[in-house]
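Undergrad: Chain V is fixed; fit chain R onto it per the hints.
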Amino acid sequence: MKLAREEELFETARQMAGGAKRRAYLQEACGEDEGLRRRIEALLAAGDEAEDFFAEGSRAVAGTLASLQSSRGLAGAAAAVSAHLPGEEPIGTWIGRYQLLRKMGEGGCGVVYEAEQSEPIRRRVALKIIKLGMETKSVIARFEAERQALAMMDHPNIAHVFDAGATRRGPPYFAMELVRGVKITDYCDQHQLGIPQRLDLFVQICHAIQHAHQKGIVHGDIKPSNIMVTLHDGVAVPKVIDFGISKAMEARLSEKLMVTADGQLIGTPAYMSPEQGEMGAVDIDTRSDIYSLGVLLYELLAGRTPFDPKELVAHGLDAMRRTLREQDPPRPSIRLRGLPPAEATATAAARRTDPAKLAALLRGDLDWIAMKALEKDRRRRYETANGLAMDILRHLAHEPVSARPPSRLYRFRKLVRRNRAVFAGAGAVALALVAGLGTSTWLFLQEREAERQETRLLHEAESRQKITQAALLVSQEHFAPADALVAHATFAQPTVEGAAVFRSLGEWHATEARWKTAAERLGELLHLDALDGWDVSSLDHLRQGAVLAEGGDLEGYERFRQAALKRYPDTSQAADRILKICLLLPADPGLLAQLRPYADANAAALARADASGDLFMAAWRAMSQSLWEYRRGDYRQAVAWAQRCLNYRESNAPRAATAQLVLALAERRLGHPAEAEAALLAARGPIEAKFRGPIERGTPVQGFWFDWLLARVLLREAAGA
Amino acid sequence: MTDITLMLDAVGRGEASPSADLLPLVYDELRRCAAVRMSRESPGQTMQPTAMVHEAWLRVSGGVRERRWQNRAHFFGAAVEAMRRILIESARRKSRLKRGGGQIRLELNELELAGSSPDEKVLMIDEALERLETADPEKARIVALKFFGGRTSREVADLLGVTERTVERHWAFAKAWLFQCIRAELGSERPGPGPVGFDGPNRA
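Note that the protein sequences, when read in sequence, are chains V and R. Sequence positions in the first sequence follow the numbering used here and run 1 to 721. Sequence positions in the second sequence follow the numbering used here and run 1 to 204.
One or more hints might be untrue.
Simulated restraints, written as ranges between beta carbons of each label pair [stated by the list, open to error]: (1) R:Arg154 / V:Lys21: 26 to 36 Å; (2) R:Thr166 / V:Gly671: 56 to 66 Å; (3) V:Pro586 / R:Thr166: 51 to 61 Å; (4) R:Arg154 / V:Pro494: 57 to 67 Å; (5) V:Glu116 / R:Arg154: 45 to 55 Å; (6) R:Thr166 / V:Glu116: 40 to 50 Å.
If you're looking for bench data, these hints aren't it; they were derived computationally from the structure. Glycine residues also receive a C-beta, built at the ideal position from the N, C-alpha and C atoms.
Pulled out of the complex, with its shape left as it was, chain V reads as follows (with noise of 0.2 Å):
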């Protein structure tokens, strides 16, 4: 606190009765400072005109209130305080650049406005404004974190996220894409499109959710509300909105309850998929999508979720838990049948049938294709969303679909499942039947690989306990344990979860400065993010080179900068970090000549950036361009790349830490070593203190640990040089 002396100083001489006493006091608590004792001086001669000052203040205050409460009542009163709460603002504000036209809509997290942009171009765009309660810096965070990946996305029926930022009062707002349009469900209601119509319109979502997938994208909250359909020329255009807002917002399962003022659910839980309803859940992955499209289509075809929203909270958490986890939803053709028949009416005729009609369209492939969507185990549904849009084509196209009735065998199975402990005891009987029918060889032969195939499946299980139980530790910040149980496991298939609970335990070794064993995690980590041919992984690399470099492990290190080299052949991506941790330590000439490619390509992305006024990326661009200058030797570039990093408004403490130190480092080589001395000094200030208490892992925004830690390898180098 700034004024702490100030008002311990003020407090004391404020009780001494003579000014006389006073000013000995004074002399004696400032000593030489004269300019804090002119200040308490002139605060203790302020007191009582303050006071009047405040009195009279205050009774304009009351006045105000007064007239309030007498003009619109107690209640009126009361009602524009809450207007006036953070999340509403009034139409003409200015937040950032952008300026409040209308009020749009209201959901039970946000409101959304329409917006005019001013710079860098003029554009009306979305504000979402989230309502108090969200820590501000930590959801703008979580989407920085995942800008880079959504600025890839780039597809017609996705509607842009532009921007993340904080109101002036304090709350995050999210600018994006306008979309002037219809919720799919109403709009292919009003419009009473058919069952094909529908199915195309479905498709193309699917699609968009394809792309977003696989830019490592997860929507998280697809349901209606969240896809509009505009017309464009007369074509109907679906659109999904929201896409990193759920995630940055870390939209759980209670913010997904929540209720207005007349009672009415806003954001149901009935698109949310089992693994989402499970509270604590950290694993929410693309096949979490698969489901929330399977309700929608299910909605689409039915007229209905497949579960009623109002019974699904009836009877609490748990029980609407148990329901998502365990209970079968109706087949779509069947949920039909079962609705009064006003009701089906009305469903058929939006569809342009009869009730009769609409229930034969859905029997058979359509049923099967809602409910591969919504299996209970992720595993059994389609693997991707553009799986699932393949079964729609191949139906329309009368071609036979992948999606089957469930066989006897797998229903038994799930009966087996469901009732693990009664049959137990009547296996043992059943498989001592069969044994006794005797067996051909071939036979045994068919058991044994069966057999085999068993124990993989079983060990890959297995492994994905461990990993759900280990997340589920991690997620309570129980590292050790979470730390044994996975030490020595082994994926070949990939694992989203698995991924995240090495990350974890890598960055937990890491901050508790174990280096080598922090390098193997993140080095499974690596293993886990190629399996899954993720484009978003480079933030796991720079995690990784940082704590080979800074454990010691040289051969580690060269082994690791060729394998990034490797993964990344892909120029576009992510160049910036490839070349700063891969010219974390000096390179050879043939390294350098690989590198070329990413050094060129992060130079025009660095002008696209500053264009664009992404001024944080086109600052870690600079940086980035001024190690690689440094290390093939053009010293003078590398001053200027430097400097030019240092010099963006958007502040970042690691890195511009990290630009001293190439700035360093290129000065000394210049021959200019007062220049050298003072960069180096303004880079070893912050780094030793960050490193003086525990390592905290960060934000994208402060910078993360290993920021941090690649600072503190070239502080090495610099001073040591």
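TA: Chain R in isolation, oriented as in the chain V frame:
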């Protein structure tokens, strides 16, 4: 109410974060009771609108078994900020009327200390408070709660988890600091030692 209860249960078990999950409910509750009050309000009743917001908060959060979260202060702070905006908007409007109503925004340096109306004093305090928010956020919070929120020192102390004495002490200092800041900003004459060397607030 079953949905609220459902949620509160989740909060009680620590499964939902109260700030994120409860506040929207508070707003809804507030709107709901504003409507109810509207219909059966007795004239001459004097209740702070912020107190009404508090009441709504307590009604919603009262069902939770433990008081396990620290967001009360956060929420009250927001209600007071809302109140502050209303008061400032009103003070601006009145000051503009007094000055012929042409101006969009009244700049502080166009005012003078001696001839300022009570409403203009409110505006000056508001602007100076913004500076205090940067210099010492905790004291600024106390000023906002007391001056704009009309809360007593006792209430502020409870809210922030400090002693009443601390609130009083901060309040006394903050008033002198803010006043001195306003005076330095306006460059008016003052008796005794003055803004020379007074570098608390930045001069615009």
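Undergrad: Decide, hint by hint, whether the structure agrees.
TA: So, going through the hints one by one against the coordinates:
no.: 1; hint: R:Arg154 / V:Lys21: 26 to 36 Å; in the structure: 32 Å, holds
no.: 2; hint: R:Thr166 / V:Gly671: 56 to 66 Å; in the structure: 58 Å, holds
no.: 3; hint: V:Pro586 / R:Thr166: 51 to 61 Å; in the structure: 56 Å, holds
no.: 4; hint: R:Arg154 / V:Pro494: 57 to 67 Å; in the structure: 59 Å, holds
no.: 5; hint: V:Glu116 / R:Arg154: 45 to 55 Å; in the structure: 47 Å, holds
no.: 6; hint: R:Thr166 / V:Glu116: 40 to 50 Å; in the structure: 46 Å, holds
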